[in-house]
Each structure stands twice: as structure tokens, then as C-alpha cells.
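Asks: Same order as they appear, the protein sequences are chains U and B.
Here the first sequence is numbered in our numbering, starting from 1 and rising by one per residue.
Here the second sequence is numbered in our numbering, starting from 1 and rising by one per residue.
Honestly, the hints are just simulated from the structure, not real lab data.
Wrong hints could be hidden among the right ones.
[Claimed, not checked] Which residues of chain U face chain B? A partial, calculated answer using Cβ under 7 Å:
hint	residue
1	13
2	16
3	17
4	21
5	24
6	29
7	32
8	33
9	51
10	53
11	55
12	85
13	117
14	119
15	142
For each residue, glycine too, the CB sits at the ideal point set by N, CA and C.
What follows is each chain in one-letter form.
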Amino acid sequence: MLDGEKSIIEDAVGGEASAFGALYDHYQPMIYRFVLVKVGHREEAEDLTHQVFLSAWQNIHGYKDMGFPFSSWLYKIARNAVVDFYRSNKEATSIEQVNPEFFAVPAAMQLGMDKIFEIDKVRQAIKNLDPIYQDVIMMRFVEDLPIREVAQALDKSEGAIKLIQHRAMKKLKEILI
Amino acid sequence: MELEKILKEFKNIEPRAEFSKISRATILATTRTPKKTWAQILWPSLRFSSGALITGFLIVIIVGAFSTGINSRVPLASLDPITLKAEAEAIDIQIQLTALGYDNPLQVINDTSTPSGVSIKKVAKIIPTEIKTEEGKETTVIETEPVITIEEALEVLVK
């Protein structure tokens with residue numbers, strides 16, 4: 001969560017572009033990762049991430065603070081964008097077509113090639129999971145979001161998220177073995 | 001392989017800096033759509049429903065006028081003006097004028113004529129007598145005795 005996020009959000013809702021810029025800087029990498037794991041292509045993930053934040057900026061006047069994190073609102077927009085993407089592009093992306101360049105260059109240099117291939121293998125396995133399993137794994141294990149926040153973003157109860165998380169990890173391990 | 005540890009490494013996935021810069025600048029340069037008021041939200045549906053209502057009303061008017069036009073051309077025997085005139089002339093109307101005078105015996109004027117020639121020609125004294133009609137019913141009629149003309153009767157009334 002961003003420092004002083006509440007007042008930043010209020011300013012952004014009031015139409016202050018710099019405030020929304022701060023939110024963009026903080027949340028954009030998270031939304032990009034979320035979208036990339038689902039669509040597989042860097043260019044498409046970039047396009048969708050752009051659409052998500054553009055939509056957020058266009059509709060932020062309708063945002064109401066209901067006591068939930070701002071990220072849950074962005075995740076909802078991102079999920080809808082991905083659903084629309086697959087609806088309009090019915091030909092599913094093949095795993096083999098995945099561009100390995102989706103790591104930022106400095107990060108790739110730090111990780112080393114072995115690590116990158118290991119991560120890519122897991123990413124491909126995640127892509128074979130149900131969308132809801134993908135969402136929970138990304139939010140819980142990659143972004144470290146609390147269960148309450150994930151439940152809000154996915155419109156499910158906290159108990160349901162715990163159950164989905166357990167099943168998702170079990171399924172992921174089965175695919176990777 | 002520790003799955004959860006690998007998943008944490010996903011945080012190293014980042015968008016290209018160039019893309020982020022361009023995307024951010026493009027989004028913030030976009031003018032925001034103004035917040036819609038209730039009137040703006042409801043107006044499209046109101047516009048449609050009022051249009052449909054007016055169209056329906058006009059259809060009813062047009063169909064009504066058309067059907068009236070058709071009906072007016074249908075020849076009805078009962079509405080034939082010649083027949084109606086003949087029937088009207090054949091009716092035996094009895095017009096009874098009462099209270100021509102209060103203090104003289106000229107109180108009732110009986111006149112029997114056709115509608116086309118209604119005129120009062122006689123002033124009568126009241127001499128009620130009972131006669132039998134063709135059906136055998138007794139009817140009280142007033143026999144008229146030609147005494148004076150209507151002008152004379154009016155002069156009497158004026159005095």
C-alpha cells in the first residue's frame with residue numbers, strides 16, 4: 001500500500017493527474033504481472049495494462065472508498081479486461097508462442113538464465129490452471145495480498161479464497177511433477 | 001523445487017520502462033469523461049419511451065381517422081336523407097301550448113299538423129270530451145272551437 005494512499009486517491013478522484021500518476025507508478029507493475037501471466041505475450045500484456053489504467057483514470061470519479069484497498073478495484077478492472085480480450089481473441093495463445101522477453105532486462109541479469117527458465121516453467125503451469133486459481137496464486141503468492149483483499153477483489157468470501165488457494169497449489173504441483 | 005519461493009521470484013517481472021513512460025504520459029494527457037448526472041443517465045431511456053409513446057398515439061389517431069373514413073362511406077338505409085324526410089313528414093306531432101292566459105277561458109291551444117307546416121291557427125276554449133280511439137282506448141282530447149285568431153288571442157293576453 002502506498003504511503004498516504006487515502007489522500008492520494010481522494011486527489012485522484014478529484015481529477016488531479018499527478019495523484020493518479022503516483023497510483024499508476026505504484027500499481028502498474030503488479031497489474032502488468034497479473035495480466036502477463038494470463039495472456040502470455042508481453043505486447044498484449046502491455047496493451048491490456050494500458051487499457052486498465054486508462055479505464056481507471058476515466059472512471060475514477062465513480063470510485064468510492066468502501067474500506068477496501070485500491071488494488072482490489074484495479075484487479076477487478078484487469079480481470080474484466082482479460083475476459084474481454086479472450087472474448088474478442090478466441091484463438092487461445094499457445095504456450096510455445098510465449099515470448100521469453102517479458103522480464104525486465106536488469107531483473108533478468110540478476111536472476112540468471114536457469115532461474116528464468118524455472119520461473120517460465122511455473123508460469124506456463126499457472127497458465128494451464130482455471131482463471132480463478134491463477135488469480136488467487138498471483139495475488140496471494142506473488143503480490144502477498146491478504147486473504148481479505150483477495151476476497152474483495154474476486155467477490156468471494158475469505159473461506160472460499162482459502163479453499164481455492166489450497167486447490168490451486170495442489171493442482172499446480174500436480175502439473176509441475 | 002520450492003514452489004512458493006519461485007512464485008516470489010515473479011515479482012522480478014516488470015514492464016519495460018519505455019512502455020511505462022509512454023503509457024503513463026498518454027493516460028494522464030487524456031481528458032477525463034465528466035461524471036454523468038442522473039438526467040444524463042435517464043435521458044436516453046426517456047427519449048426512447050417518449051418517442052414510442054408519441055408514435056403509438058399517432059398510430060391510434062391515424063388508424064382511428066382511417067376507420068372513420070371507411071365507415072362514413074358505408075351506405076346505411078336508416079341514414080338516407082330522403083327516407084328520413086319522408087318519415088319526419090309522416091309523424092303526427094301534437095304540439096300543445098299551455099297557459100296562454102290565466103284569467104280567461106282561453107287556456108289551451110291545440111294544433112295538429114305536420115312538422116313542415118307547424119302553425120297555430122286556432123285558439124280554443126277548454127271543452128274536454130272523451131272519445132274512443134281506433135284501438136278502443138279512451139283518450140281525453142280537447143275540442144276546439146274556432147273563436148278568434150292567434151293575433152286576437154295575443155292582444156287579449158297583453159291586455
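Asks: Should the hint that residue 51 of chain U touches chain B count as held when the rule is a Cβ pair under 7 Å?
Replies: Constraint on residue 51 of chain U not satisfied, violated at 10 Å.
Asks: How about residue 21 of chain U: closest beta carbon in chain B under 7 Å, or not?
Replies: holds (6 Å)
Asks: Going by Cβ atoms only, is residue 85 of chain U closer than 7 Å to chain B?
Replies: violated (17 Å)
Asks: Report holds or violated for the interface hint on residue 55 of chain U, using the least CB-CB distance to chain B and a cut-off of 7 Å.
Replies: violated (10 Å)
Asks: Going by Cβ atoms only, is residue 117 of chain U closer than 7 Å to chain B?
Replies: violated (11 Å)
Asks: Given residue 17 of chain U as an interface hint, is its Cβ closer than 7 Å to any Cβ of chain B?
Replies: Hint on residue 17 of chain U: holds, closest Cβ of chain B at ~4 Å, below 7 Å.
Asks: Is the interface hint satisfied for residue 29 of chain U? The criterion is a beta-carbon contact with chain B at less than 7 Å.
Replies: holds (5 Å)
Asks: Should the hint that residue 53 of chain U touches chain B count as held when the rule is a Cβ pair under 7 Å?
Replies: holds (5 Å)
Asks: Does residue 24 of chain U pass the interface hint, meaning its C-beta sits closer than 7 Å to a C-beta of chain B?
Replies: holds (5 Å)
Asks: Quick one, is the residue 32 of chain U hint okay against chain B at 7 Å, beta carbons?
Replies: Check passed: Cβ of residue 32 of chain U comes within 4 Å of chain B, closer than 7 Å.
Asks: Should the interface hint for residue 119 of chain U be scored as holding, given a Cβ-Cβ cut-off of 7 Å against chain B?
Replies: With a closest approach of 5 Å, the residue 119 of chain U hint holds.
Asks: Is the interface hint for residue 16 of chain U satisfied, with its Cβ closer than 7 Å to some Cβ of chain B?
Replies: violated (10 Å)
Hints 1, 2, 9, 11, 12 and 13 from the earlier list are contradicted by this structure; the remaining hints agree with it.
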